[in-house]
Amino acid sequence: MSDSQVRIAAGNTIRSLHAELPVNATFHIWLKATKPDVSGSLSFSNVRGKFGEVSVTNAEEHEFRIFHVFGGGSVELDYDTDRTSVSVAYWFALADVLETGITVLHTNPGNAPPKIPDSYHFRPPFGWMNDPNGFGRFGGRPHLFYQHYSHGLRWNTMHWGHAVSSDYLRWRHMPIFLFPSEDLTARPDKRGGAYSGSAIPLADGPGIRVFFTEQVQDRIPEQQIQLTATSSDLIMAGDAHVILPYRPLDQGLTADFRDPYVFRGPDGLWKMLLGSQSDEGGVVLLYETRDYTAATGWTYVGKLLVEKHYRTTAIECPCLLPLDGPATDPATRWVLILGLMNSEDQSTRRKNLTMAIVGWFDGRTFAKEFEQELDFGTDNYAFQAFVDGDAIVGIGWLANWADTGPAIDFPTAMTLPRNIHLSAGELHTPPIGAAESLRSHILDRTRLAAGEQVSFINGAVEILFELEKPGAHFRLKLQHPTVRLEVVVDDEGLAIRHGDDAAESPHYIAKGARPKRLRIFLDYGSIEVFADRGRWAGTKRISGFDPVQSARLIAEAGAVLHATVWALKP
1 MSDSQVRIAA
11 GNTIRSLHAE
21 LPVNATFHIW
31 LKATKPDVSG
41 SLSFSNVRGK
51 FGEVSVTNAE
61 EHEFRIFHVF
71 GGGSVELDYD
81 TDRTSVSVAY
91 WFALADVLET
101 GITVLHTNPG
111 NAPPKIPDSY
121 HFRPPFGWMN
131 DPNGFGRFGG
141 RPHLFYQHYS
151 HGLRWNTMHW
161 GHAVSSDYLR
171 WRHMPIFLFP
181 SEDLTARPDK
191 RGGAYSGSAI
201 PLADGPGIRV
211 FFTEQVQDRI
221 PEQQIQLTAT
231 SSDLIMAGDA
241 HVILPYRPLD
251 QGLTADFRDP
261 YVFRGPDGLW
271 KMLLGSQSDE
281 GGVVLLYETR
291 DYTAATGWTY
301 VGKLLVEKHY
311 RTTAIECPCL
321 LPLDGPATDP
331 ATRWVLILGL
341 MNSEDQSTRR
351 KNLTMAIVGW
361 FDGRTFAKEF
371 EQELDFGTDN
381 YAFQAFVDGD
391 AIVGIGWLAN
401 WADTGPAIDF
411 PTAMTLPRNI
421 HLSAGELHTP
431 PIGAAESLRS
441 HILDRTRLAA
451 GEQVSFINGA
461 VEILFELEKP
471 GAHFRLKLQH
481 PTVRLEVVVD
491 DEGLAIRHGD
501 DAAESPHYIA
511 KGARPKRLRI
521 FLDYGSIEVF
531 ADRGRWAGTK
541 RISGFDPVQS
551 ARLIAEAGAV
561 LHATVWALKP
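With UniProt numbering, the residue at position 176 of the sequence shown is 176, and numbering never jumps.
Don't read these hints as lab results, they were simulated from the structure.
Keep in mind that a hint or two might mislead.
To be verified - With beta-carbon atoms standing in for the labels, derived distance ranges:
{"#": "1", "residue 1": "E53", "residue 2": "A255", "range": "39 to 49 Å"}
{"#": "2", "residue 1": "E182", "residue 2": "R48", "range": "28 to 38 Å"}
{"#": "3", "residue 1": "P206", "residue 2": "T57", "range": "32 to 42 Å"}
{"#": "4", "residue 1": "G110", "residue 2": "S232", "range": "33 to 43 Å"}
{"#": "5", "residue 1": "T328", "residue 2": "G110", "range": "49 to 59 Å"}
{"#": "6", "residue 1": "E504", "residue 2": "A295", "range": "42 to 52 Å"}
{"#": "7", "residue 1": "S505", "residue 2": "N58", "range": "36 to 46 Å"}
{"#": "8", "residue 1": "V306", "residue 2": "I220", "range": "18 to 28 Å"}
{"#": "9", "residue 1": "G297", "residue 2": "I14", "range": "50 to 60 Å"}
{"#": "10", "residue 1": "E280", "residue 2": "R364", "range": "12 to 22 Å"}
{"#": "11", "residue 1": "R445", "residue 2": "S16", "range": "44 to 54 Å"}
{"#": "12", "residue 1": "R445", "residue 2": "E182", "range": "55 to 65 Å"}
{"#": "13", "residue 1": "R445", "residue 2": "D291", "range": "49 to 59 Å"}
To be verified - The calculated lysine to aspartate or glutamate pairs, modelled on EDC-like cross-linking and capped at a C-alpha distance of 16 Å, are:
{"#": "14", "residue 1": "K516", "residue 2": "D490"}
{"#": "15", "residue 1": "K469", "residue 2": "D532"}
{"#": "16", "residue 1": "K32", "residue 2": "D78"}
{"#": "17", "residue 1": "K569", "residue 2": "D167"}
{"#": "18", "residue 1": "K32", "residue 2": "E53"}
{"#": "19", "residue 1": "K303", "residue 2": "E288"}
{"#": "20", "residue 1": "K303", "residue 2": "E280"}
{"#": "21", "residue 1": "K35", "residue 2": "D82"}
{"#": "22", "residue 1": "K516", "residue 2": "E466"}
{"#": "23", "residue 1": "K308", "residue 2": "D345"}
{"#": "24", "residue 1": "K308", "residue 2": "E371"}
{"#": "25", "residue 1": "K50", "residue 2": "D78"}
{"#": "26", "residue 1": "K511", "residue 2": "E371"}
{"#": "27", "residue 1": "K516", "residue 2": "E556"}
{"#": "28", "residue 1": "K351", "residue 2": "D403"}
{"#": "29", "residue 1": "K308", "residue 2": "D279"}
{"#": "30", "residue 1": "K569", "residue 2": "E436"}
{"#": "31", "residue 1": "K477", "residue 2": "D490"}
{"#": "32", "residue 1": "K469", "residue 2": "D491"}
{"#": "33", "residue 1": "K511", "residue 2": "D490"}
{"#": "34", "residue 1": "K303", "residue 2": "D362"}
{"#": "35", "residue 1": "K469", "residue 2": "E556"}
{"#": "36", "residue 1": "K516", "residue 2": "E468"}
Ideal placement from N, C-alpha and C gives every residue a C-beta, glycine not left out.
Modelling step: build the complete structure from the supplied sequences, incorporating the hints.
What follows is the structure, encoded as structure tokens:
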């Protein structure tokens, strides 16, 4: 429980944040001085008096400094807004934060999250977010880490944010997990930070080992190197050390060397995938180690894949998982998922595609059987997955670099979590079964199928309908305040039509798709389409947070067998 107020004291504007806290609370506070050569400060007090004060002397645009303060009770946090800017303040109790999460006391307007309580997609509690990192089940719980910058809604020096869940859908926000190096923190002009990576369980006890790319702009000889760190409490990472300080020699690679994904190979050894680029195209690099802890001994095996499609530059966020059997069985098929950085399908104008390649992996080489796009909407990017029991679970960034830039505030979400499996020789990516638990109540069973307009009470809706035959033509017209939005099946395939100018908007289409069963999730700022239980998936971010207000399904008489509209609630 917290509140805040602003008062005038001795000619200064004092802001006070008040909270009733347990005695063992920990505060994380980011602040900076607002003026050069004038220090800023923030004090902590309770009924027993002042128990802490922190101060800063910098006034750089992005140079907020974090402070850890311990104390509890009825607490007042006071600072002079003329001298001090506080970006983020939250508290937590270390003993039970995994069960309760953090409590945010304050964010600036420029990094505050959107106020959309009915939204069911994962969003950060403040600031910028992009790639999912370290996605996995640890200590019995699903954990999601992600690329994060706390102090604005634009990309900047990267940290790892963190959340935990029991069902992949309802998340508790954790303290910031991984910080950039002190060199970057002290030099905000040198962009970079703790870039994307992965996590595995610790070999000799509870906790995790994380792997990530550190980037420092203009660092010589390598801008991007690979680091590892551990966390025994699953709350914050310890000190990191370098495991790969250089790219492989004599491989014709650019400076791109990023996004380590670590997993067990069929030979029992830890493997690592990294994305890079060469004159031939995007490259997936393979490393391995005989160290059972995966902390040391990483050696280069070779180029696992060279990707030449769509004028791809570097490969981003590769991951590789066994699909239809145990990793140790030579007959098991594997799926290799990779982001094609700067790619463009010129026939549709879609950019930054994500591919899924199915084949066999023997621990050192990958033999392709077939490939398909992971998502025809392209806003399921930087997808990361892991094997959870007997199922693959994955999640992606619900956005695309083609739509953002350094001068654009860009609040985003993660996609609905998805399973991945083979069916009849095709890759399917349906939403996880727990997504049905989002259903609150039925809005309609008859009117949509009859061609009537169905209004929604808010922006969180699931639409489920089945066609009389595969590929039957229809148009699902979705009324949105600012954009044209439709889901269509015609002779060309299954498409999401988005935007006001068809000549300029990319054509989001699964060419040749002839689905029979459609499942469509609407939320504030997004649409996700799953056809024939995930045989085709299309994800599109919608700018802003205006809700879709209603839907009308246009089809020939008898083409729609039935349709149901559900209101959703997180």
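Query - Violations among the numbered hints - result: none
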